[in-house]
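Colleague: The primary structure of each chain is shown beneath.
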Amino acid sequence: MNKILILFAHPRFEKSRTNRALLTNLDRINGVTLNDLYEQYPDFNIDTDREKELLSAHQVIIWHHPFYMYSAPALLKQWIDLVLEHGWAHGKNGDHLKNKIIFNVITSGGTREVYAANAYNRFTIGEFLVPFEQTATLCKMTYLPPFAVQGTHLLTAEALKFHVTMYHTLLEMLTKGEFDIEALKRVEFLNDWLQKERGAPKP
Amino acid sequence: MISTFLHDALIYLAAAVVFVPVSKKLGMGSVLGYLLGGIIIGPFVLGLVGQEGKDIMHFAEFGVVMMLFLIGLELEPSNFWRMRNLILGAGSLQLCATTILIFALLLFIGFTWQAALAGGLAMAMSSTAIVMQTLREKGLTKTEAGKTSFAVLLFQDISVIPILALLPLLALSGSQVPSGEHVSFISGMPGWAQTLTLLIAVNLVVLCGRFLVVPFLRFIARIHLRELFTAAALLIIVGTASVMILVGLSPALGTFLAGVVLANSEFRHELESDIEPFKGILLGLFFISVGASINFSLIISNPLMIILLVCSIILIKAAVLFFGGSLVKLSFDQNLLFTLGLAQVGEFAFVLFSFIHQLDILSARWTDMMMGVTAITMTITPLLLLINERLILPRFGTKEKEEKEADAIDESNPVIIAGFGHFGSTLGRFLRANGVGATILDNDSDRVDLLRKMGFKVFYGDATRIDILKSAGAGDARILIAAIDSPEINFDLVEKTKKTFPNLTVMVRARNRLDAYEMLDMGINDIYRESLDTSVRLGIDVLAKLGVRKYSATRAGQNFIKYDETALRELAPHRHDQSTYIFNSREQIQIQEQLLTRDREVNPNINDHAWDSDLFEEDGSSTPSAKP
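Chains as they are written, first to last, in this note's numbering: chain C, 1 to 203; chain L, 1 to 628.
For the record, the hints were derived by calculation from the structure and aren't laboratory data.
One should not assume that every hint holds.
[As the list claims (entries may be wrong)] For lysine to any residue, the following SDA-like pairs were computed, each having C-alpha atoms within a straight-line distance of at most 20 angstroms:
#1 L:Lys24 - L:Glu495
#2 L:Lys562 - C:Glu39
#3 L:Lys329 - L:Asp446
#4 L:Lys25 - L:Arg136
#5 L:Lys550 - C:Ala74
#6 L:Lys550 - C:Asn45
#7 L:Lys550 - C:Asp81
#8 C:Lys77 - L:Tyr551
#9 L:Lys562 - C:Ile46
#10 C:Lys52 - L:Lys562
#11 C:Lys15 - L:Asn434
#12 L:Lys550 - C:Phe44
#13 C:Lys3 - C:Arg28
#14 L:Lys550 - C:Ile46
#15 L:Lys562 - C:Pro42
#16 L:Lys562 - C:Asp47
#17 L:Lys499 - L:Gly475
#18 L:Lys496 - L:Ile466
#19 C:Lys52 - L:Tyr563
#20 L:Lys562 - C:Tyr70
#21 L:Lys562 - C:Ala183
#22 L:Lys550 - C:Leu82
#23 L:Lys498 - L:Arg136
#24 L:Lys498 - L:Tyr551
#25 C:Lys196 - C:Ala183
#26 L:Lys562 - C:Gln40
Sequences are here, hints too, so could you generate the full structure?
Modeller: Okay, here's the thing in structure tokens:
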């Protein structure tokens with residue numbers, strides 16, 4: 001069984017309908033730890049020892065954050081800079097994260113369609129996430145495509161519920177190890193893989 | 001000899017241990033407890049102590065001596081200077097007016113004019129011991145009434161010197177001081193010589209304090225023996241007192257002067273913490289012996305006279321005080337506190353009356369009577385204050401709760417702030433700015449009035465009273481913040497809250513580490529030390545001004561606070577390891593030492609190697625480096 005660590009970073013969580021829904025009832029799933037970074041470190045003073053212990057105790061790591069300015073909120077970048085230490089996470093003897101699975105879970109206001117070469121945002125989500133991907137690679141981790149909830153402004157209650165179910169299903173499948181890692185790597189979004197696996201129609 | 005001493009000690013200490021806690025639990029304060037204890041063990045009720053009670057009182061008067069030394073110590077000349085108008089104005093008004101009125105009263109009863117004047121002067125004194133102890137216990141020393149009381153008491157205490165000097169002039173010419181057990185150096189002299197001697201003695205104390213005592217203390221301090229310093233402190237007091245007795249003066253005033261002289265020396269706090277416990281016990285003993293000395297047979301043989309005297313003297317004193325209070329613009333509530341607080345006749349009256357008797361100005365019978373009246377007024381004071389607090393103020397003054405308020409939509413606030421001084425007010429403003437309703441408890445009626453005008457929900461009164469906490473909504477609130485200046489009151493409040501309202505989260509202001517330790521022992525987790533964040537913030541700015549980058553300095557500060565909080569919790573259980581009991585300031589020093597050693601061992605400044613690009617170079621990694 002895999003244990004999952006969600007590194008959640010949202011400076012205005014109380015105002016985010018989507019993320020509140022995504023994180024509600026998480027404790028129903030066995031083996032999921034939520035690390036609410038902005039709640040834990042309101043002063044940006046990250047306790048690297050604590051974070052390292054958490055990382056060591058989990059096999060699947062999730063960077064869960066809103067897609068601010070094509071990236072993550074500042075505290076998550078701070079976390080990456082401070083916790084993924086040279087000599088521990090990467091570099092000589094930096095093997096503590098080796099072969100762990102990591103990916104981004106993002107929420108974005110724009111829909112999937114506006115992230116394309118010929119569209120408004122000019123690049124795909126995957127392209128914007130390249131720094132995360134390379135960080136993961138540097139730390140000898142297995143980086144997976146993102147799970148994304150997009151067009152959050154337009155989400156109906158029903159659609160939101162669908163995304164929540166998908167997210168929780170994904171977490172469950174990951175904990176139980178019900179996946180083929182190569183198949184996961186091939187999709188653009190983990191959402192696509194889930195849909196194929198479960199055959200659930202999009203609302 | 002030893003066995004009678006043990007016997008007496010047993011009775012007095014038992015009286016204190018039994019009656020003071022009961023009185024405190026009933027909300028009556030320790031002074032009344034001591035006095036009642038004294039009455040109970042006294043000749044009239046149980047008869048456990050008899051005539052020798054008088055000797056004990058002489059012994060215990062030393063508590064008053066020590067108290068005056070401590071008051072003197074607290075009185076830095078700059079403070080004194082700032083209060084000079086209040087001291088001179090209110091003080092002289094009180095003393096003169098009261099003396100004149102009581103003089104008239106005694107003259108009316110049939111005293112000679114000399115006796116009446118001497119009696120008036122003695123009766124004008126109020127009890128510094130009772131008033132200061134009571135105000136401190138109730139946390140009222142910083143209110144307007146508290147300050148004015150202190151000023152008036154101070155003027156009285158100081159004016160005992162000239163009064164003692166003048167009394168011999170009142171003695172009937174040719175009268176000899178009766179040969180008592182205190183044959184003093186000056187008793188045989190004519191009046192003018194006595195006055196002169198007194199002035200010389202006072203100057204002697206001042207000069208000795210300045211040029212002898214301070215170097216002496218420096219010498220003692222270098223030996224680093226705790227008990228030796230305590231001995232030296234006691235020696236100073238006993239020595240000063242003996243000199244004063246030798247020249248026939250009040251030892252209390254001598255030590256008061258000595259205190260003032262030493263107030264500016266570097267040993268002030270050390271002396272304070274050494275003398276404090278002795279003073280506390282002796283003062284308690286003094287109150288007990290006052291209670292025990294009340295001569296009930298005298299009252300019974302002459303009840304009307306005594307009752308009339310007590311009532312009229314309290315009335316006269318109260319009237320003058322109330323008038324004075326209005327002149328210095330005390331609000332009604334504060335003025336009542338001031339008036340009733342000082343309406344008794346004080347411990348100096350005992351000294352003055354026995355001196356008056358020695359000078360043969362007053363007969364033995366009347367002296368006894370007057371001393372009885374003095375003791376009774378002292379016993380009544382705490383009762384008067386209690387009546388004022390429980391019955392008068394709620395009715396006429398700052399009401400604890402407006403009736404109409406209960407009818408209105410009574411939104412219960414989630415937060416209660418006890419104590420709205422500098423600390424509590426900042427907190428309250430912050431919460432209000434963020435839309436959190438807070439109910440405030442405070443015992444300064446002036447402040448309460450102001451806050452009510454500003455639309456705060458305020459309850460007036462002693463925050464440690466369960467009924468007041470209840471009416472402030474402690475049953476429904478979620479958080480109670482103990483932000484009172486006095487740690488003792490804070491402790492009391494925390495203890496009571498934890499017992500009565502176990503569901504209420506208690507968050508506590510602590511002055512320093514020592515208080516924080518106590519709070520930890522009491523099972524409180526949310527402790528906020530006044531001295532931590534502010535000093536670290538200042539330290540951060542120091543680093544920044546010295547050229548450290550602000551962010552690095554800030555992180556160093558954050559880490560230091562984190563480290564210090566952990567250290568606090570780790571060191572708390574071990575703090576009494578070294579010795580069984582170390583008194584206050586010493587303990588502070590030891591804690592400091594512990595911390596400084598620890599700081600050296602565990603470097604609280606955690607390094608961030610993540611941002612340190614030099615590390616990558618050693619490894620030959622591909623990360624770009626600024627270095628060539």
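Colleague: List, from low to high, the hint numbers that the structure doesn't satisfy.
Modeller: 20, 21, 23 and 24
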